[in-house]
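Undergrad: Okay, here's what each chain looks like letter by letter:
Number of protein chains: 2
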Amino acid sequence: MSNDDSDDLVFKALANRTRRQILDQLRNAPQTTGTLCDMLPELDRCTIMQHLRVLEEAGLIVVERRGRERWNHLDALPIHGLHERWIGPFAAYAVNMLASLKREVEQERG
Amino acid sequence: MSNDDSDDLVFKALANRTRRQILDQLRNAPQTTGTLCDMLPELDRCTIMQHLRVLEEAGLIVVERRGRERWNHLDALPIHGLHERWIGPFAAYAVNMLASLKREVEQERG
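Which chain is which? The protein sequence lines are A and B, in order. Each residue of the first sequence is one higher than the last, beginning at 1 in my numbering. Each residue of the second sequence is one higher than the last, beginning at 1 in my numbering.
Next comes chain A alone, as it looks inside the complex (with noise of 0.2 Å):
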């Protein structure tokens, strides 16, 4: 798979808002899928798991199986590979000095 192909699939992954939520859901740590399913109540089963193939396919969630379960764990690679790909190391700082930015007027206009 070229990587224009991969990154398709990580765009199209998370072009979603529940695959989002799902990400969100994974951030601090790994999950089982039962206990996703209780985070995410307004989904059913069914539902939950056709995203976690999507994102398990685009590579951004990888499962580790512990006899029944079903461990969900976020990897940060592909998200990581944007990053690198539109701001790189030495852009980075003053990107960060921007959203600091960005939130301070945010926070004094709010």
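No lab work stands behind these hints: they were computed from the structure. Careful: at least some of the hints might be erroneous.
Calculated from the model, a selection of chain B residues having no Cβ within reach of chain A, i.e. all distances over 12 Å [what the hints assert, rightly or not]: (1) 35; (2) 37; (3) 38; (4) 39; (5) 40; (6) 45; (7) 46; (8) 49; (9) 50; (10) 52; (11) 53; (12) 56; (13) 63; (14) 65; (15) 66; (16) 67.
Distance condition first, Cα-Cα at most 30 Å in a straight line; then the derived DSBU-like pairs of lysine-lysine [stated by the list, open to error]: (17) A/12 / A/102; (18) B/12 / A/12; (19) A/12 / B/102; (20) A/102 / B/12; (21) B/102 / B/12.
Here the structure is a predicted model, which is why all the values come from computation and not from measurement. Beta carbons: idealized from backbone N, C-alpha and C, even for Gly.
Starting from the known structure of chain A, arrange chain B on it as the hints suggest.
TA: Relative to the frame of chain A, chain B by itself:
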């Protein structure tokens, strides 16, 4: 516009490889629309203008008009936002190390 709506625009904009290619051209310096057309000769001006509009609506580029010229600047803040959302400042170091390790392994294999 909610954060979710603006994230939808960002991912839909990035899900197209021509638009990613345009952002690559803007990575190191802003470009006029004319120069971008020269850089991407396989695309006609009208198509490039349409892609630039999608990128501008998603907040990925900022357009500056100087006389009759239209300078397109990459705005990396939305990409930085993704990094902050799923990686965060504390994990950034670890993910950086993992990315270097991955590159080394791939170089050795290649």
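Undergrad: Does residue 35 of chain B sit more than 12 Å from chain A, CB to CB?
TA: Fine: 19 Å to the nearest Cβ keeps residue 35 of chain B off the interface.
Undergrad: Was residue 66 of chain B rightly flagged as not at the interface, with every chain A Cβ beyond 12 Å?
TA: Non-interface label stands for residue 66 of chain B: nearest chain A Cβ at 22 Å, farther than 12 Å.
Undergrad: Please confirm whether residue 50 of chain B is truly not at the interface, meaning its C-beta sits more than 12 Å away from all C-beta atoms of chain A.
TA: Residue 50 of chain B clear of chain A: closest Cβ-Cβ about 18 Å, beyond 12 Å.
Undergrad: Is the nearest Cβ of chain A still more than 12 Å from the Cβ of residue 46 of chain B?
TA: Label holds. Min Cβ-Cβ 23 Å, cutoff 12 Å.
Undergrad: Taking 12 Å as the cut and beta carbons as the points, is residue 65 of chain B off the interface with chain A?
TA: The claim holds: residue 65 of chain B sits with its nearest Cβ about 22 Å from chain A, beyond 12 Å.
Undergrad: Does residue 56 of chain B sit more than 12 Å from chain A, CB to CB?
TA: Label holds. Min Cβ-Cβ 16 Å, cutoff 12 Å.
Undergrad: For the pair supplied as a hint, residue 102 of chain B and residue 12 of chain B, confirm whether the alpha-carbon distance does not exceed 30 Å.
TA: 28 Å, holds
Undergrad: Take a quick look at residue 63 of chain B and tell me if its Cβ sits farther than 12 Å from every Cβ on chain A, holds or violated.
TA: 17 Å, holds
Undergrad: For a C-alpha distance cap of 30 Å, please report whether residue 102 of chain A and residue 12 of chain B respect it.
TA: Status holds; Cα separation ~23 Å.
Undergrad: Against chain A, does residue 37 of chain B keep a CB gap of more than 12 Å to every residue?
TA: 21 Å, holds
Undergrad: Hinted pair, alpha-carbon criterion (30 Å max): residue 12 of chain A, residue 102 of chain A. Please report holds or violated.
TA: Given pair residue 12 of chain A, residue 102 of chain A holds - Cα atoms ~28 Å apart, limit 30 Å.
Undergrad: Starting from residue 12 of chain B, check that the Cα of residue 12 of chain A is at most 30 Å away, please.
TA: 8 Å, holds
In summary, this structure violates none of the numbered hints.
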